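Enquirer: Let the sequences and hints guide you as you build the complete structure.
Protein chains: 2
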Amino acid sequence: MTCVSEYSPQLHALGFRTTSQRMTILHVLRHAGGHLSPKQVYDLACREMPSLTEPTIYRTLEFLAENGLVLAAHVGNGKIVYELSNGNHHHLICRNCGRSLEIEHAPLQKLYRQLESSTGYKLDSSHVTFFGLCPGCQ
Amino acid sequence: MTCVSEYSPQLHALGFRTTSQRMTILHVLRHAGGHLSPKQVYDLACREMPSLTEPTIYRTLEFLAENGLVLAAHVGNGKIVYELSNGNHHHLICRNCGRSLEIEHAPLQKLYRQLESSTGYKLDSSHVTFFGLCPGCQ
DNA sequence: TGAACTATTGTAAAAACTTGCAATAAGGAT
DNA sequence: ATCCTTATTGCAAGTTTTTACAATAGTTCA
Ligand SMILES: [Mn+2]
Ligand SMILES: [Mn+2]
Ligand SMILES: [Zn+2]
Ligand SMILES: [Zn+2]
Chain Y
1 MTCVSEYSPQ LHALGFRTTS QRMTILHVLR HAGGHLSPKQ VYDLACREMP
51 SLTEPTIYRT LEFLAENGLV LAAHVGNGKI VYELSNGNHH HLICRNCGRS
101 LEIEHAPLQK LYRQLESSTG YKLDSSHVTF FGLCPGCQ
Chain V
1001 MTCVSEYSPQ LHALGFRTTS QRMTILHVLR HAGGHLSPKQ VYDLACREMP
1051 SLTEPTIYRT LEFLAENGLV LAAHVGNGKI VYELSNGNHH HLICRNCGRS
1101 LEIEHAPLQK LYRQLESSTG YKLDSSHVTF FGLCPGCQ
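Protein chains in written order, with the working numbering: chain Y, 1 to 138; chain V, 1001 to 1138.
A portion of the hints provided could be inaccurate.
As the list claims (entries may be wrong) - DSBU-like cross-link-like pairs, simulated, lysine-lysine; straight-line CA separation at most 35 Å:
1) Y:79 x V:1110
2) Y:110 x V:1110
3) V:1122 x Y:79
4) V:1122 x Y:39
5) V:1079 x Y:110
6) Y:79 x V:1039
7) V:1079 x Y:122
8) V:1039 x V:1079
9) V:1122 x Y:122
10) V:1039 x Y:122
11) Y:79 x V:1079
12) V:1122 x V:1039
13) Y:39 x V:1039
14) V:1110 x Y:122
15) Y:110 x Y:122
16) Y:39 x V:1079
17) V:1122 x Y:110
Bear in mind the hints are in silico, worked out from the structure with no lab data behind them. These numbers come from a predicted model, not from an experiment.
Expert: Have a look at this one:
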């Protein structure tokens, strides 16, 4: 499945345009496979499309996150990282060594339902980050 | 209880120094009472101590957070805000209108224990932010 | 009290991120 | 295929955050 054939219809269905900038950024995220900072996305994307500019990177990543094509994670020190959105998951990060663990959404289900019923908010389940100390660092 | 008499011993006990910059920043956070961005802290703190500089604000806020005197919250778009640490709590923020709700730690207790036993990590319970849509915005 | 040690701060400059606006180009209509 | 509309991008300048290093000022100890 090529990036264009996969993401172009999604964008079109939402009423947005298919641009080479967006395709390049999505391609970079898909190929990298993990969490990337805007700077990392910029550096990688510039290799494929040297005319890309920083404002476009920041705007596009935010745009893609708002529309569910990528996931934003607020790790550590308030820096944002992005990744292609493949299923709901969360993260557990060691404050000391940075080692990070992926957590399924399942164990959070009950909590989410409980919070929804007690607050009236409708939660979206994306990408919570928990902090702690890993076994090695305790 | 004055700021100096309250926080100076805490800093000292941790092996750090009492400085007028730290006292001013803590005083600002205590007086304001809610979440403040570094810029807001800077503006308020400068009124009391005009010689304060931005690097000091950023460094001090991070320092105080690392040592448990203030709490950092990673709200919305990856911006960090700070507040005096008064008891564990979490936040629930509406993605649409920004309306925010404070959540007790109690409902998360069970989840935390479950994650701890399944991952081996020792979680610290500070300041998770959940997102969703408030009743009015759904 | 005063010197010594060094944690902490200010300075200057860089890097990361944002903003407003004019130029471009994607998608729909003719 | 060409024109039109306007969403999207690039540009230029601003703001925020970080960094490296020299100057300052808490604290300890004589
Ligand atoms: Mn993730
Ligand atoms: Mn809070
Ligand atoms: Zn660790
Ligand atoms: Zn709302």
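Enquirer: For each hint, tell me whether it holds in the structure or not.
Expert: Results for each hint:
1. At roughly 28 Å between alpha-carbon atoms, residue 79 (chain Y) and residue 1110 (chain V) fall within 35 Å of each other, so this suggested pair holds.
2. Distance check on the hinted pair: residue 110 (chain Y) and residue 1110 (chain V) sit about 10 Å apart at the alpha-carbon level, within 35 Å; holds.
3. Between residue 1122 (chain V) and residue 79 (chain Y), the direct Cα distance comes to roughly 23 Å. Compliance with the 35 Å bound is thereby established for this hinted pair.
4. Distance restraint check for residue 1122 (chain V) and residue 39 (chain Y): the Cα-Cα separation of roughly 31 Å lies within the 35 Å cut-off, and the hinted pair is therefore satisfied.
5. Distance restraint check for residue 1079 (chain V) and residue 110 (chain Y): the Cα-Cα separation of roughly 28 Å lies within the 35 Å cut-off, and the hinted pair is therefore satisfied.
6. Of the pairs offered as hints, the one joining residue 79 (chain Y) and residue 1039 (chain V) holds, with about 17 Å between alpha carbons and a cut-off of 35 Å not exceeded.
7. Taking the CA atoms of residue 1079 (chain V) and residue 122 (chain Y), the gap is about 23 Å. The hint holds against a cut of 35 Å.
8. Note on residue 1039 (chain V) and residue 1079 (chain V): the hinted pairing holds, with a Cα-Cα distance of about 11 Å set against a maximum of 35 Å.
9. Using a Cα cut-off of 35 Å, the hinted pair residue 1122 (chain V) and residue 122 (chain Y) holds, with the two alpha carbons roughly 29 Å apart.
10. For the hint pairing residue 1039 (chain V) with residue 122 (chain Y), the CA-to-CA distance comes to about 31 Å; that is within 35 Å, so the pair holds.
11. Using a Cα cut-off of 35 Å, the hinted pair residue 79 (chain Y) and residue 1079 (chain V) holds, with the two alpha carbons roughly 8 Å apart.
12. Pair hint residue 1122 (chain V) plus residue 1039 (chain V) holds up; C-alpha atoms about 33 Å apart against a cutoff of 35 Å.
13. For the hint pairing residue 39 (chain Y) with residue 1039 (chain V), the CA-to-CA distance comes to about 23 Å; that is within 35 Å, so the pair holds.
14. Among the hinted pairs, residue 1110 (chain V) with residue 122 (chain Y) is consistent with the structure: their alpha-carbon atoms are about 21 Å apart, no more than 35 Å.
15. Among the hinted pairs, residue 110 (chain Y) with residue 122 (chain Y) is consistent with the structure: their alpha-carbon atoms are about 14 Å apart, no more than 35 Å.
16. A distance of roughly 17 Å separates the Cα atoms of residue 39 (chain Y) and residue 1079 (chain V); the hinted pair therefore holds under the 35 Å criterion.
17. For the given pair, residue 1122 (chain V) sits about 21 Å from residue 110 (chain Y) by alpha-carbon distance, which is consistent with the 35 Å threshold.
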